[in-house]
Amino acid sequence: MTPEPTGTGTGTITETAQRSAPGTVEGLVRKVGEVRDEVRIVGEDAEGLHGTLQSHALEARTAELAQREAASLLTELATERGLSWTLIGKLLGISQTSVRKWRRGQTVSPENWRQIAKLLAFLETLQASCPTICDQASWLEMRISDESTLTPADLYAMGRYQLLLDLAGLRYAPHEVLAALDPMWRTKYGVDDRFQVVLGPDGESSIVIREQP
Amino acid sequence: MLDSPASEDEIYLARAGDIDPYRPVCQGDVFAEVQLPCESSRTYAMVLSHPCAMRAGPRLRARVTVVPVSEHQAIALAQWTDGHLRVMPLPDLREDGRPHAANLEEPTTIASGSLALEDRIASLSHDGITLLQQRYIHNHSRLSVPLAMLYEVSAAVLEELELQESWNLALVAPAVEGGSDLAACLEQEAAAFDELLSASADGPSLRELLKTPRARAEVRRTINAAIAERVR
Numbered sequence: 054m055t056p057e058p059t060g061t062g063t064g065t066i067t068e069t070a071q072r073s074a075p076g077t078v079e080g081l082v083r084k085v086g087e088v089r090d091e092v093r094i095v096g097e098d099a100e101g102l103h104g105t106l107q108s109h110a111l112e113a114r115t116a117e118l119a120q121r122e123a124a125s126l127l128t129e130l131a132t133e134r135g136l137s138w139t140l141i142g143k144l145l146g147i148s149q150t151s152v153r154k155w156r157r158g159q160t161v162s163p164e165n166w167r168q169i170a171k172l173l174a175f176l177e178t179l180q181a182s183c184p185t186i187c188d189q190a191s192w193l194e195m196r197i198s199d200e201s202t203l204t205p206a207d208l209y210a211m212g213r214y215q216l217l218l219d220l221a222g223l224r225y226a227p228h229e230v231l232a233a234l235d236p237m238w239r240t241k242y243g244v245d246d247r248f249q250v251v252l253g254p255d256g257e258s259s260i261v262i263r264e265q266p
Numbered sequence: 006m007l008d009s010p011a012s013e014d015e016i017y018l019a020r021a022g023d024i025d026p027y028r029p030v031c032q033g034d035v036f037a038e039v040q041l042p043c044e045s046s047r048t049y050a051m052v053l054s055h056p057c058a059m060r061a062g063p064r065l066r067a068r069v070t071v072v073p074v075s076e077h078q079a080i081a082l083a084q085w086t087d088g089h090l091r092v093m094p095l096p097d098l099r100e101d102g103r104p105h106a107a108n109l110e111e112p113t114t115i116a117s118g119s120l121a122l123e124d125r126i127a128s129l130s131h132d133g134i135t136l137l138q139q140r141y142i143h144n145h146s147r148l149s150v151p152l153a154m155l156y157e158v159s160a161a162v163l164e165e166l167e168l169q170e171s172w173n174l175a176l177v178a179p180a181v182e183g184g185s186d187l188a189a190c191l192e193q194e195a196a197a198f199d200e201l202l203s204a205s206a207d208g209p210s211l212r213e214l215l216k217t218p219r220a221r222a223e224v225r226r227t228i229n230a231a232i233a234e235r236v237r
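So the protein lines, in turn, are chains X and C.
When we follow our numbering, the leftmost residue of the first sequence carries the number 54, and every step to the right adds one.
When we follow our numbering, the leftmost residue of the second sequence carries the number 6, and every step to the right adds one.
To be clear, the hints were calculated from the coordinates, so they are not data collected in a lab.
Hints should not be assumed to be uniformly reliable.
In silico SDA-like cross-links for lysine to any residue, where the CA-CA straight-line distance does not exceed 25 angstroms [stated by the list, open to error]:
#, chain 1, residue 1, chain 2, residue 2
1, C, K216, X, T185
2, X, K154, C, D101
3, X, K154, C, L174
4, X, K241, C, T86
5, X, K241, X, S198
6, X, K241, C, L152
7, X, K154, C, E194
8, X, K154, X, S198
9, X, K154, C, V181
10, X, K241, C, Q84
11, X, K154, C, P26
12, X, K154, C, R20
13, X, K154, C, D124
14, X, K154, C, T86
15, X, K154, C, R99
16, X, K154, C, A37
Looking at chain X on its own, in the form it has when it is part of the complex (with noise of 0.2 angstroms):
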């Protein structure tokens, strides 16, 4: 009876470390052992690779997006997009006052203008590598995990683009991800549990005191 596959690649790795170690559970052990190992630095070399590789491929969009006009940029972003101003200026850095300027036509400083270009750049990176997102707005507004209070949003305010797009593109689990940013993630950036967000009698949200149980 042909035994049922035990999982993709399992039992080519079983094999090999059984022809290379017939016979001695201490061999396999070992032998196992050097496969997990190779697999892990072949996985983080992959990971580091592809990291980079992303990165050029975002600066490069970047640099072409750059040669359009900061304002068509800003309109694509917010009319077509979907991002609030004041989203934009999250993303950004940037206050809103000077997000409210530029909506009315002031100059947007050369800095800043390749930064919007990042933004557009890194939206479209979104569409293209992460299907599974249909709308790349909304998603950059919602929590990353019940536990915690950030958004993709925040964590792209903090450059943490590679990060964003392995979230993204379900490489790590959302705890996983808020771990990579920050070990203390749970202290400084969890939900405050004392309280909870609930319909209010008239149809409006309303903040309550959480029941302990």
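Guided by the hints, dock chain C onto chain X, whose structure is given.
Using the frame of chain X, we list chain C on its own:
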């Protein structure tokens, strides 16, 4: 216990020369030349009514809650968290750089019609508004509510005000530049905007959808498309 902004500039949306009439009146707006009850002369005042409660349809309610604003000793960012708990600091409120503060101890109501848009001298950012809410709640109840939670319950109406500002910039500003009356245009477009947000023939209204974070981007796109259609 309480929070402080990352920088003094962060609390403001606009001041002085950056102010224009196209943003709807909102919590945290500071007006000059306000006549408060029991005051002999006109003064600065900040709107305190919550953005969810200050309107009935497209219009401001007949009366709004305000607190007086006056010059105050400078309050460093580090002092926001554990001192001066009875005021909302307003650093660099005017071009002269003199520090001011809103006195949260003295709320009063005035006729909303007495707030003239040309007398508005500052508007707070979303961060500034939630910091104001946090300090006001704490001053009157000793309860310290996290900013993220305050923002969560105000986000929909703050989004609505930002979209209405875009609406006004696209539809009212050109009309006013063409010679139309500002107040009449603002009132007319406020009604048109309210009608668009309230319409619910085929499901939830845009205003209802704004309450769902996941739907906000789509609402913005819908309203921007409506603006583009009107401008065309």
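Hint by hint, here is what the structure shows:
1. C:K216 to X:T185: holds, 23 angstroms
2. X:K154 to C:D101: Measuring from Cα to Cα gives roughly 21 angstroms; hence the hint holds.
3. X:K154 to C:L174: Holds: K154 of chain X and L174 of chain C sit about 13 angstroms apart, inside 25 angstroms.
4. X:K241 to C:T86: Within the cut-off at roughly 16 angstroms; holds.
5. X:K241 to X:S198: holds, 14 angstroms
6. X:K241 to C:L152: holds, 13 angstroms
7. X:K154 to C:E194: The hint holds at about 23 angstroms.
8. X:K154 to X:S198: violated, 34 angstroms
9. X:K154 to C:V181: Distance ~19 angstroms between K154 of chain X and V181 of chain C Cα, so the pair holds.
10. X:K241 to C:Q84: Given pair K241 of chain X, Q84 of chain C holds - Cα atoms ~20 angstroms apart, limit 25 angstroms.
11. X:K154 to C:P26: holds, 14 angstroms
12. X:K154 to C:R20: holds, 11 angstroms
13. X:K154 to C:D124: Given pair K154 of chain X, D124 of chain C holds - Cα atoms ~20 angstroms apart, limit 25 angstroms.
14. X:K154 to C:T86: Violated, at about 30 angstroms.
15. X:K154 to C:R99: holds, 18 angstroms
16. X:K154 to C:A37: holds, 22 angstroms
Violated hints, listed in ascending order, are 8 and 14; each of the other numbered hints is respected by the structure.
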